[in-house]
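The residues making up each chain are set out below.
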Amino acid sequence: MTLTELYCLMPIVITGCAALFVLLCGPLLLSSSLTAIGVTASAAAGIWAAFTAPAPIQCIPGLAFTPLAQLLIPLFSFAAALTLLLSHGYNERRILKGEEYPATVLFALFAMCVLPCATNMLILFLALESVSFAFYILVSMDLNRAESGEAGLKYLLMGAVAAAFTAFGFALIFTGSGTLALSAALARPENRAIISAGWGVLILGMAFKLSLVPAHLWTPDVYQGAPSPVAAFLSTSSKVAAAALLLILLGHFPPMTELRVPLAALSVLSMVLGNLAALRQTNIKRMLAYSSVAHMGYLALALLTGSRDGYAAVLLYGAIYTAMNLAAFGAISSLSFEEEREQLTDFTGIGFSTPVRGGVLALAMISLAGIPPTAGFIGKFFIFYSALKGGIVPLAVVGILSAAASAYFYLRVVAQLYMHRTEAPAPKPVGFAEGLALCAASAAILVIGVYPGPLLEMVETALR
Amino acid sequence: MSVPLSHILIVASLMFAMGLGCVVAWRANVIMMLIGIEIMLNAVMLTFVGGSAHWGIADGQLFSLMLMALTSAEVSLALAMVVYLHRRKQTVNTDRFDSMKG
Amino acid sequence: MTSLIPILSLLIFLPLVGALLVFAVRQSGAAARLLALAFGLAEFVLACAPLALDRQAAHFGAPAGFFLYQDHGWIDRFGIRFTLGMDGISLVMVLLTAFITIVAVIASWNVKERQGLYLSLLLALQGAVQGLFLSLDLFLFYLFWEAMLIPMLFLIGVWGTGRPVYSTIKFFLYTFVGSLLMLLAIIALYLMHGAQTGSYTFALPALMHTTVPYQLGLWLFGAFLLSFAIKFPLFPLHTWQPDAYCDAPVAGTLMLASLLSKTAAYGLIRIAYPLFPEASRALTPLIYVVAVIGICYFAWVAFAQRDMKRMLAYSSVSHMGFVALGIAAWSPVAVSGALMQMVNHAITTGALFVVVGMLDERAESRDLSDFGGVWGKVPVLAFFFLVFNMASAGVPGLNNFVSELIVLVGVFKVAPAAALGAFLGSVLTLIYTVRLVQEVLFGKESKPTVLAEVSLREGSVLVLLAVVVVYLGVHPGPVLDLFKAPLELLLNK
Amino acid sequence: MMLATYLTLMLLFPLLGGLTCAVAGRKLPRVLVESLACAAVFGSFVCALLTALSYTAPTVVTLADWFAAFDLVIPISLYLDPLSLSLSVMIGFVCGLIHLYSVFYMREDEDYARYFALLNLFVFAMLTLVLAESLPLLYLGWEGVGFCSYLLIGFWYRDTNNADAGRKAFITTRIGDTAFMIALAWLFQLFGTLSVTKLNGMGFLMPVSVLTLLGILFLIAAMGKSAQVPLMVWLPDAMAGPTPVSAMIHAATMVTAGVYLLARMYPLIAASQAALAAIAVTGAVTAFYGATCALAQRDLKRVLAYSTISQIGYMMLGVGAEAVTAATFHLLVHAFFKALLFLGAGCVIAAMHHEQDIFKMGGLRRTLPLTFWNFLAGAACLAGLPLTGGFFSKDGILMAVWHKGGALYQSLYFLGLLTALITAFYSFRLVFLVFGGGNGHVHRTSGLGVMQAVLIPLAILGLFGGVLNLPGYMGEGLLTRLFAAIPGGGAVEATHEQEIVMQAVAGALALAGLAAAWLRYGKGRAHRMQEAQSPPSPLISFLANGWYFDALYNVLFVRPYRALAGILWERMDEGIIDDSLDGLGEGIGSVGRRLGRWSTGRVAVYLISFAAGGALILGYLAWLVL
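Chains A, B, C and D are the protein sequences, given in the same order.
Under this note's numbering, residues 1 to 464 are what the first sequence spells out, in order.
Under this note's numbering, residues 1 to 102 are what the second sequence spells out, in order.
Under this note's numbering, residues 1 to 493 are what the third sequence spells out, in order.
Under this note's numbering, residues 1 to 626 are what the fourth sequence spells out, in order.
Hints in this document: simulated from the structure, not taken from any laboratory.
Any given hint could be a false lead.
Straight-line distance between alpha carbons at most 30 Å, and here's what the computed DSS-like set of lysine-lysine pairs gives [said to hold, decoys possible]:
1) B:K101 / B:K89
2) C:K484 / D:K360
3) C:K377 / C:K112
4) C:K377 / C:K444
5) D:K523 / C:K444
6) B:K89 / A:K428
7) B:K89 / A:K389
8) A:K97 / A:K389
9) C:K377 / D:K27
10) C:K112 / A:K428
11) D:K27 / C:K444
12) D:K360 / D:K523
Sample of chain B residues at the chain A side, in silico, Cβ under 10 Å [stated by the list, open to error]:
13) H7
14) V30
15) F63
16) M100
Just a sample of chain C residues kept apart from chain A, beta carbon distances all over 10 Å, derived [as the list claims (entries may be wrong)]:
17) P164
18) T239
19) D370
All C-beta atoms, glycine included, are put in the ideal place defined by N, C-alpha and C.
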């Protein structure tokens, strides 16, 4: 192993070691120091990755520090750090003690760091499943609420079936192409039937991860049952990870024509059904779940173009969506005390009684609705730009119309926050950690919304 | 090569479908669903092994091994959860776990 | 000098900075008020500055006709630039915006709840509107076009009366649906232009040279038209409007009626028509029809109203029909009439909403049956009420007459039938106007409530508005002159 | 140069006076406001006189630019010709007197500032109308007088009826105004200019049919403003305003604006015989209509109002008969004697403490002698008793009609004669009922002095107004000479014999009317007073209610408009349009809720959906590949 290779591996090493360290030394340390370690490790990994030049890693087969990793590892680290910060206060209030929580988050991050570095299907699959695995645990972590366990079970059962589909997909592609290595194998045109079938099964497995219709039904239940910070992490990083996996596969192997129709169907169904189903939701977490279905539909739309513009849009949107959903779930989590605050009516007047948290939630909603000058607008612009450029006009029109309808339910939250005369009692003040997380997320939303240039450049570099 | 690849694939697909059928049909018992998932994953492993044999490389077998590890981890986690939930609700019927909907 | 002081950017960012500062001092109502007023006045002074410039001077790199121009890189990936430009049309709109905002700030002096926040949103809205009037980059235009919605959303929703949440969401959704389709059209145009010339840019002057196939042009223009027609609003896309106008607080209604509707008209003139000359010509009959139906139908419906604000809401959109008519005719006379009507409508309708707001504040009612004999109770207020109503009814010597005459004369030349319909509308306009005047000012003093006469603050606003109403009615020449050069350029394309 | 100054001042005085009164009137002492208002109008009158003195030939004076949009250039320019000059002198004079009269008539009213402000503004608008050279400026005056009239009719706004009357006047005239605006837009399209002088010289460029339509548009405009059939319904109601207002606006000046407009645009439309015929028929029919209605009125002012309608009908008839001079002559003389009659009526009403029913009056001959004699002079003019001003002016018109010839005009001539007879009858019915009889008892005489004094100059002008334009056999007419230069202004070429015969016929008819009135209301007064107690006969009701035009319009227009407004709003706007969109939203929402129900909470359902999705995708791929 050369020094360069080690250098490139450092993010993975850091997160892995931190996870182990937290798990092993957890009982000896205070929860605040666990959070601190976790956040520091994530930040370190992220920053390290951001300033590392892409390079191959010879000593471990199937790994390379790709340009994609240079973008995604900081993104995942950002999400993980914010999740840890958010969980800090949340867990204290909900009496979720123990080192296994931060450790699992770090494990998830570790797996996420591996994923974009993968150069063969095995590593890819393992990384993805490790991520899922960590989330099975995180979702059902809250023993005080029956919903948490129930959500965990549902997620696990669905996830296992989906994993079987994904694996079957890989198996078929492997059987069709004869190698697990991404770069060498996927271009082989023979055994078209087998490979097509493999792709079909694989796409369905990914549809589960991305919660695309009709594999989306678990999403509202799991978001509702999971602790809010976990939902934040789950709704952002795991989706981006899944999208990244598809990107890696498609990037090496432009989508075959026969995949267009299924992917288009998944995309359009998700956009329409997700947005429609969210319209009348009274539970804000379920609403966000359906919204995430719709947003993943937009992502799929961009993927469908099969162009570099589309892939760039996917990455950009992933990053922006991460910031938006972290802010949204972060605000919800920081507003949850003895009980999970999830019914829409629980938020009445919150915008004025707690200006910061209410404001962050409102900002997240406005951004999710895609209204400038927030990041959501830039993301949506890029998605529909790539869709039009890719020539899929009807889908773009359907998507944009469903996006217009979606404004209704996002604004309903904003209205609930500010526009009802009943004054809510001011919730308890928020801790430094959570405040920091909220500020970071909203700053990201605003900065990207006004000056997206640098991020766009990073996205471009990542695809090179 | 005594068994042609297509046969292996057909068998694996049938296994996969049967496993899926088991998962879908046996909703009254989580354990049975887990068994169904096992069958599906076994079908996947069979495909990998078949593919390995077809191409004469070990990659597929490696994947299968990893899958085994994954499966066991999954099952252990699932069982733990089943025990926990059974304690709460005195049932392993998944249809009873429907407090969240809509 | 022009290059040393970035007036155009300042015009946008001054109100935004003001919004932030006012937000910072929002705990103290008095400080917030004064600060907001100071920023409003400063903006107005700044907006007046270009009047002193040599408007013939060509600016380096600027498209023809723009005497102030700024161009900065912004999002290079898409060729999006922060390009601002000012010609006569935008100058007038900017002045109008600055003026109306001052009125809005003064009219919000008595807001009880969260005044600081209210004023801060007002200033933010002003910044967005100014940006819209100045942007020469289509993306930038769109950004401001949508960003305007956010402050408005809150202004109606938080400080509104009646059913504010319903109204504000209705308003938002309506406009949002149109806007998003317009976004697609903008992107499509951008891609087409890029494919044709190889330079991917959102710059409006460049995009005007795009060759758009006829059929596609119809779709794209349709998307623009839909978006603008909703904001206008044109019949039958208007039903958000009475609710929003009615339930919004005074300043909110003022901004909506006076400025936001103008952004749509401005968009049609500046963007939609020049970009798609063929398509717009093809769809012009449609615009004629909806404009004329709008003028008459809304005037008729206004007659049936009992709520003063709702009546004015219908009146407002009825008058906007003249703007649409003038734009549709797309002849120099008609369009300059339409532009003039935009200004006049903003002033007159705004003034009416302000006066009705004052009446509402006093009597705590807007129902016509609660009023009567106001002339005897508050003659000064009544006087202004009468003046603004007469202006709105098109009495010559007051502002609306001039623009309506120009529009009608201009349109008659091109489409006599449409003009005839609009003439009918002017009768209907008078019918509801005199009804409003009569039920409020005349008759027995229905309620024994004593109404307070106008205060100095209110009086100053009213006088300000009345002076403009009369000035533009008697001597609109300077404003019309400003439109001349830009219109020549726009229409000769 | 001097001319421009005079003209400017003529307009500026009343404008500034009006504005001062409007803005500061309530703060200023009453005397100051009153004197300011009067001074403004008299100043204007003096300017008019000065203008007349320095007048040599028709002149266009451009004062400033109003607005310009590309080729639509509208200057503020005035046109001085005999027509506008004579009218502005008359306006200055009559309005000045009425201002003076008002000072005393309104002296118990608190709202003097509003009153005088509006009165002054009215004078400004009226002068603008008369002097305007560009049609939009004329329209400014046109609408301005309408606006002032609207507010002055409803001056006592606390009574809803007054306000209603004002509203009715405003809206009805606006219908005519719209025709004016259409004509304006069309003229610009046709000729590219809106200058009166230029337009009048360009008529030959257009086919007659276009000119006919233009003429009819102007006629409709005139119908609204001058209360001609069928837009005459507003004028009787307009009597709700203070009496000096009725005298000034609804008798002497504003209502004749329609005639003025037609006279002004006469050179343009004269080429169309059809348009002229339409004008003549409208005039004759209106004259007859107004006279018949005046027969049955019980309200002193309504008699006069209907008589005004009728007299303006004569003027229209004159224009229609190509006799602009005669029409203008009648316009001027009518202004004097009708103002006189109204002001006299004002004295009566003031004295009777706002009693206006002529059947409750009587004997005022003795209690208000000065009013009586003046009123009598006015009535004589109105009736057209020989040698009064009214006699000559009315006769000039009738003669022109006869002279024009043709079956149409001859029948119109006879209609005019019949109307003259009726006019004489109702004029003296009024005199006999109000001033005749025994018991004359009045409530108030104080302050009547000046008011009555004001009547005298008007009476003189009315009685001797004939000298302005004596018929050919008595010497040359002053107006005829003045107007000779403008088209349609020449004298009617009739022989002296014809003139004498016709005037004899007219004089005889007037006297016959007088005699009939004497028989019925002088001698038979007691009997009539008795009759007035019982309900009127159907014919009388029909006439008293103005042929039931109000009721007809109510059924035809007003009520359907109201009802449809409600229907449009509630059924169309809130109903079809809004509810369908709300319904769409609702529908989308419920679809969404149903989609949400898909998420049943049972993991098995999720798995089935998942598997089904997989089956579909694989099925599709299989179909595609195999």
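Verification of the hints:
{"no.": "1", "hint": "B:K101 / B:K89", "verdict": "holds, 18 Å"}
{"no.": "2", "hint": "C:K484 / D:K360", "verdict": "violated, 66 Å"}
{"no.": "3", "hint": "C:K377 / C:K112", "verdict": "holds, 25 Å"}
{"no.": "4", "hint": "C:K377 / C:K444", "verdict": "holds, 11 Å"}
{"no.": "5", "hint": "D:K523 / C:K444", "verdict": "violated, 45 Å"}
{"no.": "6", "hint": "B:K89 / A:K428", "verdict": "violated, 34 Å"}
{"no.": "7", "hint": "B:K89 / A:K389", "verdict": "violated, 53 Å"}
{"no.": "8", "hint": "A:K97 / A:K389", "verdict": "violated, 51 Å"}
{"no.": "9", "hint": "C:K377 / D:K27", "verdict": "holds, 16 Å"}
{"no.": "10", "hint": "C:K112 / A:K428", "verdict": "holds, 27 Å"}
{"no.": "11", "hint": "D:K27 / C:K444", "verdict": "holds, 25 Å"}
{"no.": "12", "hint": "D:K360 / D:K523", "verdict": "holds, 17 Å"}
{"no.": "13", "hint": "H7", "verdict": "violated, 13 Å"}
{"no.": "14", "hint": "V30", "verdict": "holds, 7 Å"}
{"no.": "15", "hint": "F63", "verdict": "holds, 5 Å"}
{"no.": "16", "hint": "M100", "verdict": "holds, 5 Å"}
{"no.": "17", "hint": "P164", "verdict": "violated, 6 Å"}
{"no.": "18", "hint": "T239", "verdict": "holds, 16 Å"}
{"no.": "19", "hint": "D370", "verdict": "holds, 23 Å"}
Comparing the model with each numbered hint stated earlier shows that hints 2, 5, 6, 7, 8, 13, 17 do not hold.
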